[in-house]
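Quick mapping for you: the protein sequence lines, in order, are chains Z and G. For the first sequence, the tail end lands on 282 under the working numbering, and the numbers increase by one without skipping. For the second sequence, the tail end lands on 492 under the working numbering, and the numbers increase by one without skipping.
Rather than coming from a laboratory, the hints here were simulated on the basis of the structure. No experiment lies behind these values; they were computed from the predicted model shown. There may be inaccurate statements among the hints.
[What the hints assert, rightly or not] Covered stretches of chain G, going by a simulated chain Z footprint (3 or more residues, C-beta under 8 Å):
#1 109-119
#2 155-164
[What the hints assert, rightly or not] Residues from chain Z shown here face chain G by an in silico Cβ test under 7 Å; the list is partial:
#3 28
#4 261
#5 262
#6 264
#7 273
#8 275
[Unchecked claim] Computed cross-link-like contacts, DSS-like style, restricted to lysine-lysine with a CA-CA straight-line distance of at most 25 Å:
#9 G:308 to G:137
#10 G:74 to Z:255
#11 Z:255 to G:258
#12 G:137 to G:209
#13 G:308 to G:266
#14 G:258 to G:207
Note that the Cβ used here is the ideal one computed from N, Cα and C, for glycine as well.
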Amino acid sequence: MKEQLFDPRTKLIATFSISLLAISFDHPITLTILVCLSLLALVITKPPIKQLKMILLFVLLTCWGVIISQGIFYQAFPRTILFVIIPPFNIGHIHLGGLYMYVQGLFYGLIQSLRFAACLFAGVALCMSTSSDDLFLGLTSLHIPYAISFLAIVAVRFLPIFAEEFENVRASMRLKGYRPFKKGFISTIKSELYTVVPVLAGAIRRSREVADALLSRGFDPLAPRTRYRTLFWPIWERCMIFIFFLTAISIATTKILFWLYENQIFYLSFLRPLYGIVRFYM
Amino acid sequence: MKRLILFLLAIFLLFSHPQYLNATTIPITPALQLKYRIKLGDVSFYARAGHFTDAFMRFSPNGKLLAIGTFLGKIILVNAKTGAILWEHRVYEGMVKKIDFSPDSQTIYYGEQSPDGFIYAANTETGHIKWRFSMTKDLKLGIPAPKGDIYGIYREPGCYRLKVLKNGNILVLGIHSWPDHKLGYWRRLSMIWLLSPDGHVIWKWPKRKPIELSLYYADADPNGNYVATVAILPSDKLPANYPYTPGTVYVLDGKTGKEIAHYKMKPLKPYYNSVSIWESVAVDPLDKFVVVGTSDGRGFIFDLKTLKPIKILHLATPIIIGGIPVAATATYVEVDSKRTIFFQTSSSSIPYGLPVQANQPAGPHPNAQTIFAVSPNGKILWRFHAPFKFQGFASDIHSRILATVAGAASRMVSERRTKQFGIFVFNLEKKGGGLEKLLGYFPTIAPLFFHLAVSPDAKLIAACETPYINEKGRLVGTYQVDVLAIKDLSKN
Numbered sequence: 001m002k003e004q005l006f007d008p009r010t011k012l013i014a015t016f017s018i019s020l021l022a023i024s025f026d027h028p029i030t031l032t033i034l035v036c037l038s039l040l041a042l043v044i045t046k047p048p049i050k051q052l053k054m055i056l057l058f059v060l061l062t063c064w065g066v067i068i069s070q071g072i073f074y075q076a077f078p079r080t081i082l083f084v085i086i087p088p089f090n091i092g093h094i095h096l097g098g099l100y101m102y103v104q105g106l107f108y109g110l111i112q113s114l115r116f117a118a119c120l121f122a123g124v125a126l127c128m129s130t131s132s133d134d135l136f137l138g139l140t141s142l143h144i145p146y147a148i149s150f151l152a153i154v155a156v157r158f159l160p161i162f163a164e165e166f167e168n169v170r171a172s173m174r175l176k177g178y179r180p181f182k183k184g185f186i187s188t189i190k191s192e193l194y195t196v197v198p199v200l201a202g203a204i205r206r207s208r209e210v211a212d213a214l215l216s217r218g219f220d221p222l223a224p225r226t227r228y229r230t231l232f233w234p235i236w237e238r239c240m241i242f243i244f245f246l247t248a249i250s251i252a253t254t255k256i257l258f259w260l261y262e263n264q265i266f267y268l269s270f271l272r273p274l275y276g277i278v279r280f281y282m
Numbered sequence: 001m002k003r004l005i006l007f008l009l010a011i012f013l014l015f016s017h018p019q020y021l022n023a024t025t026i027p028i029t030p031a032l033q034l035k036y037r038i039k040l041g042d043v044s045f046y047a048r049a050g051h052f053t054d055a056f057m058r059f060s061p062n063g064k065l066l067a068i069g070t071f072l073g074k075i076i077l078v079n080a081k082t083g084a085i086l087w088e089h090r091v092y093e094g095m096v097k098k099i100d101f102s103p104d105s106q107t108i109y110y111g112e113q114s115p116d117g118f119i120y121a122a123n124t125e126t127g128h129i130k131w132r133f134s135m136t137k138d139l140k141l142g143i144p145a146p147k148g149d150i151y152g153i154y155r156e157p158g159c160y161r162l163k164v165l166k167n168g169n170i171l172v173l174g175i176h177s178w179p180d181h182k183l184g185y186w187r188r189l190s191m192i193w194l195l196s197p198d199g200h201v202i203w204k205w206p207k208r209k210p211i212e213l214s215l216y217y218a219d220a221d222p223n224g225n226y227v228a229t230v231a232i233l234p235s236d237k238l239p240a241n242y243p244y245t246p247g248t249v250y251v252l253d254g255k256t257g258k259e260i261a262h263y264k265m266k267p268l269k270p271y272y273n274s275v276s277i278w279e280s281v282a283v284d285p286l287d288k289f290v291v292v293g294t295s296d297g298r299g300f301i302f303d304l305k306t307l308k309p310i311k312i313l314h315l316a317t318p319i320i321i322g323g324i325p326v327a328a329t330a331t332y333v334e335v336d337s338k339r340t341i342f343f344q345t346s347s348s349s350i351p352y353g354l355p356v357q358a359n360q361p362a363g364p365h366p367n368a369q370t371i372f373a374v375s376p377n378g379k380i381l382w383r384f385h386a387p388f389k390f391q392g393f394a395s396d397i398h399s400r401i402l403a404t405v406a407g408a409a410s411r412m413v414s415e416r417r418t419k420q421f422g423i424f425v426f427n428l429e430k431k432g433g434g435l436e437k438l439l440g441y442f443p444t445i446a447p448l449f450f451h452l453a454v455s456p457d458a459k460l461i462a463a464c465e466t467p468y469i470n471e472k473g474r475l476v477g478t479y480q481v482d483v484l485a486i487k488d489l490s491k492n
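Chain Z extracted, bound-state conformation (with noise of 0.2 Å):
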């Protein structure tokens, strides 16, 4: 693991941030700038290259595919056909409606994508750039319950063994001779889904075996404990991430008021630019 450059409390307050921005976001210029803070993020931890493209690839294929398919299957209204994917036709007595491609879908689904995008983006560079020990560290040095902290460390350190064991259960398939809709669709559909038993046998295994270890151990979540190593959080980082932090819960309360607002629950008229603003930036 690369040396660090910021704490891992400051790592996990900025994702928890950067994810709280995303939810509370609508606009698309706004979350566009978040997509490229948290991608900014993703660049300063220095992933190789060729992780990063494949990062980027990932993303930008997941994005495709919700603008696509909400551009498609968009079902609220006013909607605003682009162009005509299937027209209408019969089938005998049965009138089918086409398909066709929505604007506002589209719009919505660059919106979902965006903070898709936004989330992944700092998660990733949350897990590149620290390892499990100092993440671990982290979590209870917030104060985030130890048993939590605990079983949160446990499932990212088992999820590259999980990743190596799908692997492992794939490379057999192909060893037995086995090759995607190469049997046709329904037979691909159900020889994936045969992967998924053996791995998921294999987590409830690992799992029974870790928790065996840990009562023979005598693991205690609540037992007091001392640290062998401490984590040092310069004050201006934690200036720093406490902006960030004040900022993100500032306009999640914001649109929280606007939500209430907006549906008739509460509502201050003094507040009416704040409302303006949510109405139009956010």
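With the hints as your guide, set chain G onto chain Z.
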């Protein structure tokens, strides 16, 4: 290569010259000249949705200031002569609906359409808000428009008339029309207030509760002796024996706010089942009559005290063309300081709701798209007819000029083929008919909104262009105020 560069340079120098640009973008008219333009913001979102964005303009009594209220919620005060912006404020979550100035031009009053429905009084020099009055104490708090709902703003309480009287008191008409989800039906509440210059209520009508109908427009004489209004659409559920009825003209005592008289206008059967009006109520400055124009094409001149009709003019009432009734709405009325009544009729249409198998008139109504100048006893003095959709009137305090605009096109794409928009100005001091009085026509690229203003000295006209989507789906025009200078009237 060198020749090409020289050629391009020559083209650039020739066509980038300001005079050339002016010559191609600003029409040259002998009597009217564009003085300046004020951009009001980006309304393309609304224009693309087919909405014509509102704006309201008013010159101060001393003629030095021009106030502009916009759909985007801006109130802009400009130097009327130079067009320099002195200050601008913003009302969030609302639009500036109506504006007027105090007689000494020191205070500007503006009413908004917003959840609070405030009337503001601000210092013209600093923009400092002196007081504000909320109409929602009577009309109920507005419901917020959902994001992206372009018409949601019109469901909020709004100021539909704001007139400052000679004594400084302010006449305010407020309407709130919205779907009341608690009661489960569409409600319409209206009320008229007379406010003192410091924002206190002198009287309100009705005295206790707002009227459950839309009082779409109201007017008073400059001294505030009488106030006239017309009730139109009621709430969807009105209690039995409700004292106020739709299609009725009400005249109030301007000093006490008590009802003096009312007159229920009969629908023009068999073509219409009800009577409707637009901004077409005007009171005589000498308190003798009140004028109302109705959507069935009639023009009423009532005695102000008794509300008995002096004259009912059939300006553009239905006539049969090709077996189909065709009419035109009497859309706007104005009574100038010399007591000349001006009526305006819209384009030809088939009376709404008639069971006829046609959606277009078989031919034009001969009195459609016409401006009528009428004497107080109902005699037509002159008229002006042109293939334009006239909308709104404005005149100066000495009744030297009358201005109108060829305004907003229909939302129907088929009706937008007539893209003739512009400002018409008539010299009322000139003898002759409408054509002789026509001082000038200033064409604009985009439709003009029906609120326009003329400066007290009859030297400036302000009108608002509002963009629209043409049949090719392209956005045409800019949301802006055009201020025109009128050349010396004596020379025309």
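Hints, one by one, checked against the model:
1. 109-119: That given contact holds, which follows from 3 residues of the region 109-119 of chain G lying within Cβ reach (below 8 Å) of chain Z.
2. 155-164: With 0 residues close enough to chain Z, the hint is violated.
3. 28: violated (13 Å)
4. 261: holds (6 Å)
5. 262: Nearest chain G Cβ about 5 Å off; hint holds.
6. 264: Check passed: Cβ of residue 264 of chain Z comes within 6 Å of chain G, closer than 7 Å.
7. 273: Holds - the Cβ of residue 273 of chain Z comes within 7 Å of chain G, reaching about 5 Å at its closest.
8. 275: holds (5 Å)
9. G:308 to G:137: violated (35 Å)
10. G:74 to Z:255: holds (24 Å)
11. Z:255 to G:258: violated (47 Å)
12. G:137 to G:209: Distance of about 10 Å is within 25 Å: holds.
13. G:308 to G:266: holds (13 Å)
14. G:258 to G:207: holds (8 Å)
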